[in-house]
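Enquirer: Protein chains in written order, with UniProt numbering: chain F, 1 to 428; chain B, 1 to 297; chain Z, 1 to 302.
Bear in mind the hints are in silico, worked out from the structure with no lab data behind them. All C-beta atoms in this analysis are idealised placements derived from N, C-alpha and C, irrespective of residue type, glycine included. Be aware that a few hints might be false.
[Stated by the list, open to error] Just the calculated beta-carbon pair ranges, DEER-fashion:
id: 1; chain 1: Z; residue 1: 95; chain 2: B; residue 2: 287; range: 40 to 50 Å
id: 2; chain 1: Z; residue 1: 65; chain 2: F; residue 2: 255; range: 19 to 29 Å
id: 3; chain 1: F; residue 1: 342; chain 2: Z; residue 2: 65; range: 50 to 60 Å
id: 4; chain 1: B; residue 1: 40; chain 2: Z; residue 2: 67; range: 51 to 61 Å
id: 5; chain 1: Z; residue 1: 44; chain 2: F; residue 2: 193; range: 44 to 54 Å
id: 6; chain 1: Z; residue 1: 67; chain 2: F; residue 2: 354; range: 33 to 43 Å
id: 7; chain 1: Z; residue 1: 110; chain 2: B; residue 2: 211; range: 37 to 47 Å
id: 8; chain 1: F; residue 1: 242; chain 2: Z; residue 2: 35; range: 53 to 63 Å
id: 9; chain 1: F; residue 1: 166; chain 2: B; residue 2: 145; range: 19 to 29 Å
id: 10; chain 1: Z; residue 1: 32; chain 2: B; residue 2: 145; range: 30 to 40 Å
id: 11; chain 1: B; residue 1: 211; chain 2: Z; residue 2: 191; range: 17 to 27 Å
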Amino acid sequence: MPVSRRTFAAAAVCVVLPLSGCGSGSEGGSSDASGRIEGDITFQTWNLRANFKDYFEGLNADFEKKYPGTNVKWIDQPAEGYADKISADAAGGTLPDVVNVSPDLVAPLAKAGLALDLDKAAGKYKKEYLQGAWASHQIPGMTGTYAFPWYLNTGPLFYNKTLFKEAGLDPEQPPKTYDEVFDAALKMAKETDGKVATLANVPTIEDFGRYGVELMNKEGTAFTFNDTKGVELLTKYKELYDAKALDPQALTATPESSGKKFLTGAVAMNPGSALDLGNFKKQAPNLYKNIGITDQITSTGHVNMYVMGVMVNPQTKHTPAAVAFAHYVTDAEHQMSFAKQVAIFPSTAGSLDDPYFTKEDGTDETRVRVAAAKSLKNAVNYTPVLFSEQMKTELRNEVAKALQGKESPKQALDNAVEACNRLLQQQG
Amino acid sequence: MASSTVSRVRRQLPTGPWLFAAPGLLITGAFILYPFVSTVVNAFTDRRTLIPGEFVGLANFRELLGDDMFWIGLRNSTLYVVGVVPALVILPLLLALLVQKNIPGITFFRSAFYTPVVASIVVVGLIWVWLLDERGLVNSLLETIGVGRVGFLSDQWLLLLSAMAVTVWKGLGYYMIIYLAALANVPRELHEAAAVDGAGAIRRFLTVTVPAVRSTMVLVGALSSVAAFKVFSEVYLMAGPSGGPAGEDTTLVMLVQRTGTGLTGRVGYASAISVVVFVVTVALMLLVLRADRRDES
Amino acid sequence: MSVMEKVRQTTAKPTTAREPRVTDEHGRRIRVWELALRYLLLLAVLALTVGPFLWQLSTSLKGPTEDIFSSPPKFLPSDPTLHNYKRVADTIPVWDYALNSLKVATANVVTNCVGAALAGYALARLRYRGRRVATLVFILAMLVPVEGIIIAQFTTMRELGLNNTLVGVVLPGSISALNVLLMRNAFLNLPYEIEEAAYVDGANVWQRFLRIALPSVKGTVAVVAIFAFMGAWDDFLWPLIVLSDPSKFTLTIGLNYLHGTFAGDERLVAAGTIIAVAPLIALFACLQRYFFRGVGEGAVKG
Numbered sequence: 001m002p003v004s005r006r007t008f009a010a011a012a013v014c015v016v017l018p019l020s021g022c023g024s025g026s027e028g029g030s031s032d033a034s035g036r037i038e039g040d041i042t043f044q045t046w047n048l049r050a051n052f053k054d055y056f057e058g059l060n061a062d063f064e065k066k067y068p069g070t071n072v073k074w075i076d077q078p079a080e081g082y083a084d085k086i087s088a089d090a091a092g093g094t095l096p097d098v099v100n101v102s103p104d105l106v107a108p109l110a111k112a113g114l115a116l117d118l119d120k121a122a123g124k125y126k127k128e129y130l131q132g133a134w135a136s137h138q139i140p141g142m143t144g145t146y147a148f149p150w151y152l153n154t155g156p157l158f159y160n161k162t163l164f165k166e167a168g169l170d171p172e173q174p175p176k177t178y179d180e181v182f183d184a185a186l187k188m189a190k191e192t193d194g195k196v197a198t199l200a201n202v203p204t205i206e207d208f209g210r211y212g213v214e215l216m217n218k219e220g221t222a223f224t225f226n227d228t229k230g231v232e233l234l235t236k237y238k239e240l241y242d243a244k245a246l247d248p249q250a251l252t253a254t255p256e257s258s259g260k261k262f263l264t265g266a267v268a269m270n271p272g273s274a275l276d277l278g279n280f281k282k283q284a285p286n287l288y289k290n291i292g293i294t295d296q297i298t299s300t301g302h303v304n305m306y307v308m309g310v311m312v313n314p315q316t317k318h319t320p321a322a323v324a325f326a327h328y329v330t331d332a333e334h335q336m337s338f339a340k341q342v343a344i345f346p347s348t349a350g351s352l353d354d355p356y357f358t359k360e361d362g363t364d365e366t367r368v369r370v371a372a373a374k375s376l377k378n379a380v381n382y383t384p385v386l387f388s389e390q391m392k393t394e395l396r397n398e399v400a401k402a403l404q405g406k407e408s409p410k411q412a413l414d415n416a417v418e419a420c421n422r423l424l425q426q427q428g
Numbered sequence: 001m002a003s004s005t006v007s008r009v010r011r012q013l014p015t016g017p018w019l020f021a022a023p024g025l026l027i028t029g030a031f032i033l034y035p036f037v038s039t040v041v042n043a044f045t046d047r048r049t050l051i052p053g054e055f056v057g058l059a060n061f062r063e064l065l066g067d068d069m070f071w072i073g074l075r076n077s078t079l080y081v082v083g084v085v086p087a088l089v090i091l092p093l094l095l096a097l098l099v100q101k102n103i104p105g106i107t108f109f110r111s112a113f114y115t116p117v118v119a120s121i122v123v124v125g126l127i128w129v130w131l132l133d134e135r136g137l138v139n140s141l142l143e144t145i146g147v148g149r150v151g152f153l154s155d156q157w158l159l160l161l162s163a164m165a166v167t168v169w170k171g172l173g174y175y176m177i178i179y180l181a182a183l184a185n186v187p188r189e190l191h192e193a194a195a196v197d198g199a200g201a202i203r204r205f206l207t208v209t210v211p212a213v214r215s216t217m218v219l220v221g222a223l224s225s226v227a228a229f230k231v232f233s234e235v236y237l238m239a240g241p242s243g244g245p246a247g248e249d250t251t252l253v254m255l256v257q258r259t260g261t262g263l264t265g266r267v268g269y270a271s272a273i274s275v276v277v278f279v280v281t282v283a284l285m286l287l288v289l290r291a292d293r294r295d296e297s
Numbered sequence: 001m002s003v004m005e006k007v008r009q010t011t012a013k014p015t016t017a018r019e020p021r022v023t024d025e026h027g028r029r030i031r032v033w034e035l036a037l038r039y040l041l042l043l044a045v046l047a048l049t050v051g052p053f054l055w056q057l058s059t060s061l062k063g064p065t066e067d068i069f070s071s072p073p074k075f076l077p078s079d080p081t082l083h084n085y086k087r088v089a090d091t092i093p094v095w096d097y098a099l100n101s102l103k104v105a106t107a108n109v110v111t112n113c114v115g116a117a118l119a120g121y122a123l124a125r126l127r128y129r130g131r132r133v134a135t136l137v138f139i140l141a142m143l144v145p146v147e148g149i150i151i152a153q154f155t156t157m158r159e160l161g162l163n164n165t166l167v168g169v170v171l172p173g174s175i176s177a178l179n180v181l182l183m184r185n186a187f188l189n190l191p192y193e194i195e196e197a198a199y200v201d202g203a204n205v206w207q208r209f210l211r212i213a214l215p216s217v218k219g220t221v222a223v224v225a226i227f228a229f230m231g232a233w234d235d236f237l238w239p240l241i242v243l244s245d246p247s248k249f250t251l252t253i254g255l256n257y258l259h260g261t262f263a264g265d266e267r268l269v270a271a272g273t274i275i276a277v278a279p280l281i282a283l284f285a286c287l288q289r290y291f292f293r294g295v296g297e298g299a300v301k302g
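Make the full structure from the sequences, and use the hints.
Expert: Quick look at the structure:
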């Protein structure tokens, strides 16, 4: 007897059916963090193993010693594909207990009920952190705070003194305002026949924010960066692009490629952080000697900062341990010791007043660190929490169209706002 | 002859055929077709990564028609087929003929020509991005000979062209192997006979080689056009995740990846694009096979 | 027939490596200018295919002070150093990751060779109801855009409890539809008569498959093996999604750390790519003799 089609169909169903229950394993887990701190928890970081293996292994061991009966399993994921990894885990119900996130990653997780509300579970720790940092993991349209603030970063603007000199600009008087940057850039392009650009990146959402554009309405329900200020900034960039004061390859630039251009002297200015200084020293010793450092340009009086957070998975089987560990990683003591390992800044209240962040010792590293720490006290994370990857792409593409002259700046921003608002609604 | 054989085989081993095919069918069913079926189902919902979503009928497909990026993706994926397939059908055949003769050192050349296939696409991407960089090797050479630097990785069309070149570069050895196997099938008597008849190299190529490897050319054409239409890695690595200036280098599969992944991914909409990609590749396949049949008759 | 006769005579002449004159596979002498042209073309293609790798190798050997952007370019490092490799190895446990990659790739080779040969044989040689459907299943599977179904694949894997295991990394590609179709084509090209004879001699289907059909398609099996190895060694996104535990990472994910950590230093990225590619090239260099011989022998001459 040949095998009939029906037999095959039956077999196929047997194979397929057990898999068809679409997964969101929501067993276990409570938001009550007040129980005994014990059990096995997993802690996921974002590309920190390569450089800070010893730090984290020590941290986890200390926690286990302090709370006997706990066991921390540390996993680290590479930078690329981090969002893909988290979304696969979130969709599949395999999110680790404690996860290193950024505000834009927290927002969709919180909306799907996959981030623990810390105002409820750990409200008593709130006062330990800088107010602005604590608030950075709150989501418009929702009550609650969904991650402990972890490290902050911000940085100055670096410029190439040699290139400034060659273009007849005063290397000791770097631009301080947007207008001065634009003027210097146009002059640089003119003097070098467009060979040296001053800026290497197209404006991103945080640039619009720093320029003083209202990015969203008060309720956080719609984007508004197509206002006159926004159009003004984009029009200015268009002028720079046409004059080659904005690098012609800016439309396809990545932060890495623009950093490289600065290193090789093809671009005169580049935003960076204290981290980059070491990089310059190693990779371009000649440039390092001629590097100028100036404050981040801002029209609002507040510089931009990046915030990292640590969230707790509400489905964890050991809520008390997970919350305790997330707090342990981000408390003042451990943030301070982490900051001494690498050029980042703690988000805990008072830490930035530590002599480490206030006393200069004459080196460039310290100078950059002290200046950054000072500016962080009133810094703002301009990137709206709800601004997703897809929205970033929409904005980037519309900005490119405006720079290429395919659309007017106004038209481009209108389109971008419309697309982002649509995406915002669809995020639900 | 064959039919009597087969009927007796059946008597011997009733489940034999299925036993042979079962592992392949199981794996393919569970890990390719089953997920794909759920993708097709998703195409009719507004499902997002973390939100199950509801049935929305044809709304996703209607939205596609008005989405500029979709048309850009369709254009680029189609251009990719048009640009890459002829090169991948012809060049590897010529290469196979070049390395077919057993002259000294030929095995070295054969393996060397195969190295780009062996290297992973991520590595290949990194190598070529570095080569075509504004200050990379190709541009320093161009500058040295006085042509000046070319923005391979910043111009929309040059980017697409560079990605195609990389695809061809990486595919040459792969299809060369397939042709080599086919050429080994060509009875050498045919060549000899033609040579004795006084046919030159080019005529022998056209009258002996091409007809003999015709079915292989069709196979290569089908495989490469399906792969070209689904192109992702080369363009993604060279033009970046947002697809070159103003997203003008986005291909359809890149659009699937961009809209459907991440925590805010629109799984439903991305699935609709996947379905379109699937339908077009099926159509491409049928087209190639039909052209084949027409040629034959 | 007289032509054929003549051909047999010429081919019958043994061609040994010691033979003073250069001859082609038919034993005929190749003219010098033709030979020169061939080598010229071969060298040109060689520069195109291998050159990029050598440039990468050269970049990876250049020390931190050497200018890698110079124009005209410097092809040889003035002061070659392994410093960059050391830094890569210090940063990521290259050997552990390479071992994981090796496990995954080897498993992939075995499952693909066995699974694809079996299924290909069933599609090409065995007659049964539903054969066309089975063939169609594989053709359709080949057309599915994998990037679109990766989350669904992950959910499936999780429900099987195989996420975060190397088995989970291997399974989806363990019997690829393309390989099944390649094997099917190879079996289809075999003349029926040989198996017919074996059948008359009383060989059953397994014996015919193992003793007659399979040895005749060694070449395609070699092709499938190499494709399977490369495919598994290559893959980035799927292992990244499936694996969480760094101790299980494969080399491609591991090397990705370089990108995040040393972005902008071409020398280190170059060293990383060479580490990723060198084992494959070495493996291929060792196997190429069998590979190409197999490819040539794969077809039964008619």
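Enquirer: None of the hints should be skipped; say for each whether it holds.
Expert: How the hints compare with the structure:
no. : hint                      : verdict
1   : Z:95 - B:287: 40 to 50 Å  : holds, 48 Å
2   : Z:65 - F:255: 19 to 29 Å  : holds, 25 Å
3   : F:342 - Z:65: 50 to 60 Å  : violated, 25 Å
4   : B:40 - Z:67: 51 to 61 Å   : holds, 54 Å
5   : Z:44 - F:193: 44 to 54 Å  : violated, 38 Å
6   : Z:67 - F:354: 33 to 43 Å  : holds, 41 Å
7   : Z:110 - B:211: 37 to 47 Å : holds, 38 Å
8   : F:242 - Z:35: 53 to 63 Å  : holds, 57 Å
9   : F:166 - B:145: 19 to 29 Å : holds, 28 Å
10  : Z:32 - B:145: 30 to 40 Å  : holds, 32 Å
11  : B:211 - Z:191: 17 to 27 Å : holds, 20 Å
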